[in-house]
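Novice: Each chain is listed here by its residues.
2 protein chains.
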Amino acid sequence: MPPPPDVTDPRLSRQIAFLIEIDQLKSVLRRSNLVNLSRRENDAEHSWHLAMFAVVLAEYAACTVDEARVLRMLLIHDLVEVYAGDTFVYDSAAAADQEERERAAAERLFPQLPDEQATALRALWDEFERRQTPEARFARALDRVQPLLLNFHTQGSTWRPHGVTRADVLRHREVIEDGSPRLWEYIHSMLDEAVRRGYLDD
Amino acid sequence: MPPPPDVTDPRLSRQIAFLIEIDQLKSVLRRSNLVNLSRRENDAEHSWHLAMFAVVLAEYAACTVDEARVLRMLLIHDLVEVYAGDTFVYDSAAAADQEERERAAAERLFPQLPDEQATALRALWDEFERRQTPEARFARALDRVQPLLLNFHTQGSTWRPHGVTRADVLRHREVIEDGSPRLWEYIHSMLDEAVRRGYLDD
Chain A
1 MPPPPDVTDP
11 RLSRQIAFLI
21 EIDQLKSVLR
31 RSNLVNLSRR
41 ENDAEHSWHL
51 AMFAVVLAEY
61 AACTVDEARV
71 LRMLLIHDLV
81 EVYAGDTFVY
91 DSAAAADQEE
101 RERAAAERLF
111 PQLPDEQATA
121 LRALWDEFER
131 RQTPEARFAR
141 ALDRVQPLLL
151 NFHTQGSTWR
161 PHGVTRADVL
171 RHREVIEDGS
181 PRLWEYIHSM
191 LDEAVRRGYL
201 DD
Chain B
1001 MPPPPDVTDP
1011 RLSRQIAFLI
1021 EIDQLKSVLR
1031 RSNLVNLSRR
1041 ENDAEHSWHL
1051 AMFAVVLAEY
1061 AACTVDEARV
1071 LRMLLIHDLV
1081 EVYAGDTFVY
1091 DSAAAADQEE
1101 RERAAAERLF
1111 PQLPDEQATA
1121 LRALWDEFER
1131 RQTPEARFAR
1141 ALDRVQPLLL
1151 NFHTQGSTWR
1161 PHGVTRADVL
1171 RHREVIEDGS
1181 PRLWEYIHSM
1191 LDEAVRRGYL
1201 DD
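Each protein sequence line maps, in turn, to chains A and B. FYI, in the working numbering the residues of the first sequence are 1 to 202. FYI, in the working numbering the residues of the second sequence are 1001 to 1202.
The hints are simulated quantities; they were obtained by calculation from the structure and are not laboratory data. C-beta: ideal position from N, C-alpha, C; glycine also. Don't take every hint at face value.
Distance ranges between label pairs, derived from CB positions [said to hold, decoys possible]:
1) A:R40 <-> B:R1160: 28 to 34 Å
2) A:D202 <-> B:A1123: 44 to 50 Å
3) B:D1115 <-> A:E100: 44 to 50 Å
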C-alpha cells in the first residue's frame, strides 16, 4: 500500500489508513449465500444488511434503543474478522478459540486509529460481545436473524450441506428472544415452515 | 422467492420481504476495485464502507451533523440501484437519464415498505439527492471521497483504463468541499501526488 499522501496531518492520515485497512472486510467470506445464490456473502455486505435490518425493524427491539449506537455497533461488529476470519456459527471446533483469536485481532486493529477513537470503537465492540445493554441485545439478535432469513429464502442452502437441524438453530433462541421477542416468534414459525418444506432437518 | 411464512402479520411480512428484496444490492457492481484488486466493489459493501467513513471522519463535517441521520442516509443512498443499476460518475451519456431511471426505481422500491416507512426512507433519499441539509452535504462528500481513495490505493485502477484526468476529478470539488473543506484539502493534495506517480493523467 502506498504511504498516505499527507504526512503533515498524522491524525487524518491514520484515520484514512484505517479506512483503507478495513477494505479487507469485503474479502472475508461467510457461510451464507446471497438470495440469488450467485455466491457466498462477505462480512462487509453482511454488516450493511444488518444495519438495514436495524433501520427497518427497530420497532421490534425488546427495549427502546439508541439508533445511532445500534448502527455503529452493527457496522463495526465484524471488523476484527479482517485478521481473525469468519467463524461458522455451527462449527464448535473453531468456536473454541474464537474469542482468543478475535481479541488478538481487536488488539491489532483498533489501535491503528487515533487513541480516543480506538478506545471508543473497542468499547463498542466489547459491548456487542457482552450483550448486556439494550443496544447490544438488539444488535446481537439481528446478527442471528439475518442468516436464518437468507437460509430460508435460499431453500436452506447453508443448512442442508452442513446437516444443520432445527435443534442446532434453536440454540440461537435465547440471543434472538432476548433482543426481540417478536422477531423470535416470527423466526420460530419460519423454522416450522422450513422443516415442512424440507429446507431444515427436524 | 417463497412467500413470507407468517401471513398473520402483514406489516412484519412486508418489512422482511423488503429486506430480502434489497439483498440484490450485493450484486450491483460499481467501477471501483477493492484495494486488493481481486474484483470490483458492489453497492452493498460500498454503502457499508461509506458508513464507516462517517463513523471515523465525522469530525471533518462542515457543520455539526446528526450522526444517525447521516448513517441512515448512507445506508440507503444506493438502494434504488437494485432496479436502476450503477451509473459511472464519468459516463455523461448514462448520466443523462440517470435521474429519471432512479426516480422510477424509487417509486417501485420504497412502497414495498409499510406506508410511513416508505415515506420516511423516500424523504431521506430525496434529501441525499438534493444536498441541501448539513447531513446530506456531508454524506454526499463522503460518497465522492471514497472512490477517489480506492483509486489512489490501487494505483489509479479505475482512472487509468477509463482515461480519467485530474480535470475530470476536479469537477467533484464542489460536492466534497461543500460537505467537508478539510477532506477536500486532503483529496486535493492526494490528487497532486496521484499525478506525480502516474496514477492519474494531468
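Novice: Work down the list of hints and note, for each, if the structure agrees.
Specialist: Hint-by-hint comparison with the structure:
For the pair A:R40 and B:R1160, the beta carbons lie near 30 Å from each other, so the given range of 28 to 34 Å is met. At about 45 Å, the CB distance of A:D202 to B:A1123 agrees with the hint of 44 to 50 Å. The supplied range of 44 to 50 Å is met by B:D1115 and A:E100, whose beta-carbon atoms lie about 48 Å from each other.
In the structure shown, no violation is registered for any of the earlier numbered hints.
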